[in-house]
Amino acid sequence: MATPAASAIDLSKALVLAPAPLDSWLVVLPVAWCLLAGAVLLMLRKKVAAQPFLAVAALLVLVVLDALLLWTVATGGPVTMVMGRWLPPFGIAFTVDLTGALFALTSSLIALAGGLYAAGDIGASGRRYGFYPFLLLLMAGVSGTFLTGDIFNLYVWFEVLLIASFGLLVLGSEPRQIDGAVKYAFLNLVATTLFLIAVGYLYGLFGTLNMADIAVKAAERRAELPLMVLATLFVLAFGMKAAAFPVNFWLPASYHTPRIVVAALFAGLLTKVGVYSLVRVMVMLFPVEGEALSFVVAAVATATMIYGALAAIGQSDIRRLLGYLVISGIGVMLAGVAVGGPGGVGGALFYALHSMVVMTALYMAAGVAGRLAGTFDLNAAGGLYGKAAYFSALSLVLFLAVAGMPPFSGFWPKVMVAKAAIDIGAWWLAAAVLGSGFLTTIAVGRVWTLAYWRPSARSTVIDAAPGASALVPLSLLAAVSVLVGLFPDLLLTQIQAAAALLSEPSAYVNSVFPEAGR
Amino acid sequence: MEALFSILIGVFFAAAVYLMLSKFLVRILLGVAIFGNAVNLLLFTAGRLVPEVPPIIAAGLDRQLAVTANPLPQALILTAIVISFSFFAFLLVLSYRAFQDLKTDNVNEMRVAEPAAEAAPPTGY
Amino acid sequence: MNTVIFRTLAPFLTALMLLFSLFVLLRGHNEPGGGFIGGLIAASALAIYGIARGIRPVRHALWFHPMTIAATGLFLACLAGLVSMVAAVPFMTGLWIYPSLFGVEIPLSTVMLFDFGVYLVVVGAITSIALALEREDF
Chain A
1 MATPAASAID LSKALVLAPA PLDSWLVVLP VAWCLLAGAV LLMLRKKVAA QPFLAVAALL
61 VLVVLDALLL WTVATGGPVT MVMGRWLPPF GIAFTVDLTG ALFALTSSLI ALAGGLYAAG
121 DIGASGRRYG FYPFLLLLMA GVSGTFLTGD IFNLYVWFEV LLIASFGLLV LGSEPRQIDG
181 AVKYAFLNLV ATTLFLIAVG YLYGLFGTLN MADIAVKAAE RRAELPLMVL ATLFVLAFGM
241 KAAAFPVNFW LPASYHTPRI VVAALFAGLL TKVGVYSLVR VMVMLFPVEG EALSFVVAAV
301 ATATMIYGAL AAIGQSDIRR LLGYLVISGI GVMLAGVAVG GPGGVGGALF YALHSMVVMT
361 ALYMAAGVAG RLAGTFDLNA AGGLYGKAAY FSALSLVLFL AVAGMPPFSG FWPKVMVAKA
421 AIDIGAWWLA AAVLGSGFLT TIAVGRVWTL AYWRPSARST VIDAAPGASA LVPLSLLAAV
481 SVLVGLFPDL LLTQIQAAAA LLSEPSAYVN SVFPEAGR
Chain B
1 MEALFSILIG VFFAAAVYLM LSKFLVRILL GVAIFGNAVN LLLFTAGRLV PEVPPIIAAG
61 LDRQLAVTAN PLPQALILTA IVISFSFFAF LLVLSYRAFQ DLKTDNVNEM RVAEPAAEAA
121 PPTGY
Chain C
1 MNTVIFRTLA PFLTALMLLF SLFVLLRGHN EPGGGFIGGL IAASALAIYG IARGIRPVRH
61 ALWFHPMTIA ATGLFLACLA GLVSMVAAVP FMTGLWIYPS LFGVEIPLST VMLFDFGVYL
121 VVVGAITSIA LALEREDF
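Residue numbers (the numbering used here), protein chains in the order written: chain A, 1 to 518; chain B, 1 to 125; chain C, 1 to 138.
Certain hints may be false.
Beyond 12 angstroms from chain C on every Cβ pair, some chain B residues (computed) [unchecked claim]:
{"no.": "1", "residue": "A3"}
{"no.": "2", "residue": "L4"}
{"no.": "3", "residue": "F5"}
{"no.": "4", "residue": "S6"}
{"no.": "5", "residue": "I7"}
{"no.": "6", "residue": "G10"}
{"no.": "7", "residue": "V17"}
{"no.": "8", "residue": "A33"}
{"no.": "9", "residue": "F44"}
{"no.": "10", "residue": "L72"}
{"no.": "11", "residue": "N108"}
{"no.": "12", "residue": "E114"}
{"no.": "13", "residue": "P115"}
{"no.": "14", "residue": "A120"}
DSSO-like mimics (lysine-lysine), calculated; alpha carbons at most 27 angstroms apart, straight line [what the hints assert, rightly or not]:
{"no.": "15", "chain 1": "A", "residue 1": "K217", "chain 2": "A", "residue 2": "K13"}
{"no.": "16", "chain 1": "B", "residue 1": "K23", "chain 2": "A", "residue 2": "K183"}
{"no.": "17", "chain 1": "B", "residue 1": "K103", "chain 2": "B", "residue 2": "K23"}
{"no.": "18", "chain 1": "A", "residue 1": "K183", "chain 2": "B", "residue 2": "K103"}
Just so you know, the hints here were simulated from the structure itself, not pulled from any lab data.
None of these values were measured; they are calculated from a predicted model.
From the three backbone atoms N, C-alpha and C, an ideal C-beta is built for every residue, glycine too.
Produce the entire structure from the sequences given, and follow the hints as far as they go.
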């Protein structure tokens, strides 16, 4: 063991003997970097003044790493690295394709914005409690989810990000937060346990946990294995994580309770992790079963879209309204997944990326609005436009983006999903996408007229202007939304390539098993 | 043997689901604990049951000669046990805090975050 | 729980258990044992000390905050994986060196460093939970 050369066994059957090129390290580095930086921040958590600077620097490095990874994947195809150089089906493999790299980069951008916003939102006690280490641990979990190529490892990263999210959720320990955390924690634990059941069942059927291996074996042995049960279990588990309609109740019960930056990060990251995994399983691993389930998913998607948008209209608390808009957006992504094909899956991926950016920014905007107006209640808030015109303009951009209005990022994915739905004859699904967009417009339009446009009814005017720590990340995210909306071509080609790679994963499989030539 | 284990797993799941459908947090908590154990047993059975030869290669040998127990499900279960144990600890503390702060362990009465009588949003300007 | 016998014996028991936990940790490469179980033994040793003498002496004896210990462990474990980057082998590959100390060859590896990191993470995390639970008013 200590000296491989002395062994009588042919090591090339068990180990990767070729040296690992430096660019394949990019697959592991985002996760390793987050853990490393999180550990350092945890050691230094008493240095409250230095924490934000260190964390933002660490998150900037993460953005750079993820951008390099995306560049590598976009130019050279999927990249794989196996842990401890064991050959793929035995060792845990990290494999990243275009989809994973796009999600990882977007999530790191959101985390950077969150880190900036938290500099003004999280005080000394929150920093001593460990906000930033938890943020980096959360990012380790999220990056791991997007980059891993092993389904049990995916479960482990789910749990890592869940533990980190528990820590973030109870930051502050008000009764309201404890109440929300109870519901969030129990229901999410049930969801991840369902996922684990599916993984156990999958291992019993295939005897492997490597996703590329599963995709190949599922295609070969489809007739003899009860894959439909397996796919249904996965869809239920990931649907619960993604807050799809009948199993969504943990989200509106908890998302409005934590600190606003925590809610913003959750809205951007957690549900989208569920959607990403759902796409991975339904489109890449079990495409035939995914298609058989597509009607169920389409029905769920329609219910989710309409329910989310209608419930958003009925809220008087801005944060709860946004929680329902997150759910409504999940419906659009599910609709894309249900339609399938490059247009549908591409639209779902595009909408997920758009929703990550815009929902995070919307929660941040709600935080600023709540601080300026002194309340999150639509009955009492008012006069924001008069107080902070630039901030109001940013908010309006985000409102229009989430509603799917043309010059912003929400427009293109909705067009893709609706067009793909009409192309396969599912006009009702296209109608639901457009209808939910219309209802969302009403919901955010009411926030705009009531909280921003209406003159302030209150005599006590809070004249604090929004600080730079809030405006910089907000402007950054809004700029991303506008740029993507105005110049969608670059992202669109990448997303179409990503969707094509998902439904035809031979490049993914080749990256894991290079010599098999499959 | 696998069939016997399947029935046992089914009993575990039934008990867990029954407990989790309760409205009292402590019972839900116990249900979650049993749920976790049921899944561990499921993972164990999914790796097939073989006579209890430990999958350890003896000193001086390069490979295992006899048919051994499958080590992979054991590794998976170890991971899952650690995770479910830490979650159980967290949920225990959280439930206790909830009981202290909200003065109830009945989830139907936990309406602090979502008040039952919430003001309707304004219908006009 | 607060008898004289227990209070007198607890420090010796704790010391013995900590020593045993290190033994289990170092034994763990080729024999049953390792960082996780060693860390659990060490954490239960500290818990016994806490039950006997109270939380303050445990915190005093640990010198560092338990979470800092856990963070150090996480840092070391990550570092153990990243060492392979220098050797151009994939992440987490075990690398060995054999320094000689007084004529005795001591095999050291990144695997051991990783296990030591796991040990510290478990000790830190479990101790901090145990100390929080032993406090009456958390």
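Verification of the supplied hints:
1. A3: Non-interface label stands for A3/B: nearest chain C Cβ at 31 angstroms, farther than 12 angstroms.
2. L4: Given that every Cβ of chain C is farther than 12 angstroms from that of L4/B, nearest at about 28 angstroms, it holds.
3. F5: The assertion about F5/B holds, with a minimum of 25 angstroms to chain C.
4. S6: The claim holds: S6/B sits with its nearest Cβ about 30 angstroms from chain C, beyond 12 angstroms.
5. I7: holds, 32 angstroms
6. G10: Holds, since 31 angstroms exceeds 12 angstroms.
7. V17: holds, 28 angstroms
8. A33: Check passes; 17 angstroms lies beyond 12 angstroms.
9. F44: Answer for F44/B: holds, closest chain C Cβ roughly 19 angstroms.
10. L72: holds, 17 angstroms
11. N108: N108/B clear of chain C: closest Cβ-Cβ about 26 angstroms, beyond 12 angstroms.
12. E114: Nearest chain C Cβ is 26 angstroms from E114/B, so the label holds.
13. P115: holds, 27 angstroms
14. A120: holds, 39 angstroms
15. K217/A to K13/A: holds, 20 angstroms
16. K23/B to K183/A: Since the Cα atoms of K23/B and K183/A sit roughly 12 angstroms apart, the hinted pair holds (cutoff 27 angstroms).
17. K103/B to K23/B: Cα-Cα ~15 angstroms, so holds.
18. K183/A to K103/B: Answer holds: K183/A to K103/B is near 16 angstroms, not above 27 angstroms.
When each numbered hint is compared with the structure, no violation occurs for any of them.
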